[in-house]
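**Student:** Sequence:
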Amino acid sequence: MQYRYAFTLVELMVALTIAMVLTVVALPRVREGLQQNVASRSATLVKSAFENARSNAIRSGKPYGVILHRVRNEVTPGVDLDDPLLLASHGANYCKRISFAQVAFDYRGDFPSTTMRFDARTPSPPPLPPGPFFVADISSAGLLFAVANNLIPVDQRPFDDGSLIRLGKDGVPFVITHLVPYPTAAPTSVRVYIQDASPNYAGNSRFRDQQDVPFSIETRPIPSPLRPIELPGKVVVDLAASGPSRSPAGFSPMLINASTNTPPRPPVIRPDLAAGPGATIRGYRDIIIMFNALGQIDGVYLDQFLSAPDVYGYVKVPVTGQIALLVGEVDAVVHPQTIARYPAPRANTVPAVPAAFDHTGRKIPNFANTNSSWLSINPVSGHMVLKPVASPYGLAVEESVHPVLSGGNHNLTVLLQNRLLDSRRLTRGVTR
33 MQYRYAFTLV
43 ELMVALTIAM
53 VLTVVALPRV
63 REGLQQNVAS
73 RSATLVKSAF
83 ENARSNAIRS
93 GKPYGVILHR
103 VRNEVTPGVD
113 LDDPLLLASH
123 GANYCKRISF
133 AQVAFDYRGD
143 FPSTTMRFDA
153 RTPSPPPLPP
163 GPFFVADISS
173 AGLLFAVANN
183 LIPVDQRPFD
193 DGSLIRLGKD
203 GVPFVITHLV
213 PYPTAAPTSV
223 RVYIQDASPN
233 YAGNSRFRDQ
243 QDVPFSIETR
253 PIPSPLRPIE
263 LPGKVVVDLA
273 ASGPSRSPAG
283 FSPMLINAST
293 NTPPRPPVIR
303 PDLAAGPGAT
313 IRGYRDIIIM
323 FNALGQIDGV
333 YLDQFLSAPD
343 VYGYVKVPVT
353 GQIALLVGEV
363 DAVVHPQTIA
373 RYPAPRANTV
383 PAVPAAFDHT
393 GRKIPNFANT
403 NSSWLSINPV
413 SGHMVLKPVA
423 SPYGLAVEES
433 VHPVLSGGNH
443 NLTVLLQNRL
453 LDSRRLTRGV
463 TR
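The numbering used here puts the first residue of the sequence shown at 33, with every later residue one more than the last.
Honestly, the hints are just simulated from the structure, not real lab data. Please note: incorrect hints may appear among the correct ones.
Taking lysine-lysine pairs in the BS3-like style, the calculated list, with each CA pair at most 27 Å apart, reads [to be verified]:
#	residue 1	residue 2
1	Lys-395	Lys-79
2	Lys-94	Lys-395
3	Lys-266	Lys-128
4	Lys-419	Lys-79
5	Lys-128	Lys-201
6	Lys-395	Lys-419
7	Lys-201	Lys-94
8	Lys-201	Lys-419
9	Lys-266	Lys-94
10	Lys-266	Lys-419
11	Lys-94	Lys-79
12	Lys-266	Lys-79
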């Protein structure tokens, strides 16, 4: 006799109930694991982009780099700081697309034999520097003349004040400070004022008066034809908390240029955005990090406001210490003020911050979230380290590590910098 075995309806319902309970319990853990996996792989993707750029620079012998494209749309309009999770003020605080940059050419004049003449004796009218300068004839240096005479739009110039120029057969580096057409009425030459690129080298002393000197001007980077990289899902480069060690939030649009028709001023961290009544505040846009033929960081370029109406251009800024990029999720990108007052606002903060806020139901900010990662780049060696973010100090420990300033106040900018630097130090395993 053959028997058939089957589940009763009650047994089937019990089995389904147990399976549903296990699914409900396990699903958040599975989702969290998948998110961590995507974030980890995306951070590795960002590191690979920088490693590829560095390898290209070493292989080609020419500067090559990475462009961090800041998201243009404003997630939250205006500059209202009442919402501590404000993602944008002037452009967004994060990057979803990464592409590559290269230097097209170095300008050496219009002919192979073009030189500039060193003039150590002719005085310069104020407000130009009183020191020596070089003279380039417009007949053999037409591009210099076009830039000096503002014949090329500011955002399309291959070089400008602040560009690197190499002089002499040894290619000694200097920085261009002024390009002045001369004489004023009917220019026939351009005066090139420079300063030493290295503070330890007295460059002008090596040139004789009226000596003809070959030159090479480094042009601004341009996009490379390589295909851009799109970061998957919600993963972004958090620019609100990224920057060099001496300015940890240096890639945030909170580093603003409040000028309109005046030349761009050095960046200043302004977490309070208090530019004054009627001020026109302009933010930074894209960021380019370039490597040289030795694999070192050759320079950082900020696509910043240059002149009205809304003209932007890449301006090279000094590399001030190790560069750190924070890779996290878009809904954990926060306003720099939130970084300065997380996990709780400090008393007597100057300038004052809005009232305390509730994080309930909101993601931990990327700089304190262990699912995020820090990518650190040494500017001298080009060496890169990628590590997950460590848990931050508790408030009690932080108060002992960062006591109040003289006068009993906490400076908001200092607190912002300290919290970001603490996150980086703890990630590297340093506790103090």
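**Student:** Could you run down the list of hints and mark each one as holding or not?
**Tutor:** Here's how the hints hold up against the structure:
Under the criterion of a C-alpha separation no larger than 27 Å, the hint pairing Lys-395 with Lys-79 is consistent with the structure, at around 24 Å. At roughly 42 Å between alpha-carbon atoms, Lys-94 and Lys-395 are farther apart than 27 Å, so this suggested pair is violated. A hinted pair counts as satisfied when its Cα atoms are at most 27 Å apart, and Lys-266 with Lys-128 qualifies at roughly 9 Å. Between Lys-419 and Lys-79 the CA atoms are separated by roughly 11 Å; this keeps the pair inside 27 Å, and the hint holds.
This hinted pair does not check out: Lys-128 and Lys-201 have alpha carbons roughly 43 Å apart, beyond 27 Å. A threshold of 27 Å between alpha carbons decides the hint, and for Lys-395 with Lys-419 the separation of about 20 Å falls inside it, so the pair holds. At most 27 Å may separate the alpha-carbon atoms for a hinted pair to count; Lys-201 and Lys-94 meet this at roughly 18 Å. Simply put, Lys-201 and Lys-419 have alpha-carbon atoms about 44 Å apart, too far for the 27 Å limit, and the pair is violated.
The suggested pairing of Lys-266 with Lys-94 is violated, with an alpha-carbon distance near 34 Å, which exceeds 27 Å. Between the alpha carbons of Lys-266 and Lys-419 the distance comes to roughly 19 Å, so the proposed pair stays at or under 27 Å and holds. Restraint check for Lys-94 and Lys-79: the C-alpha separation of about 20 Å stays at or below 27 Å, so the hint holds. A C-alpha spacing of about 17 Å is found between Lys-266 and Lys-79, which places the hinted pair at or below 27 Å, so the restraint holds.
The structure shown violates the earlier hints numbered 2, 5, 8 and 9.
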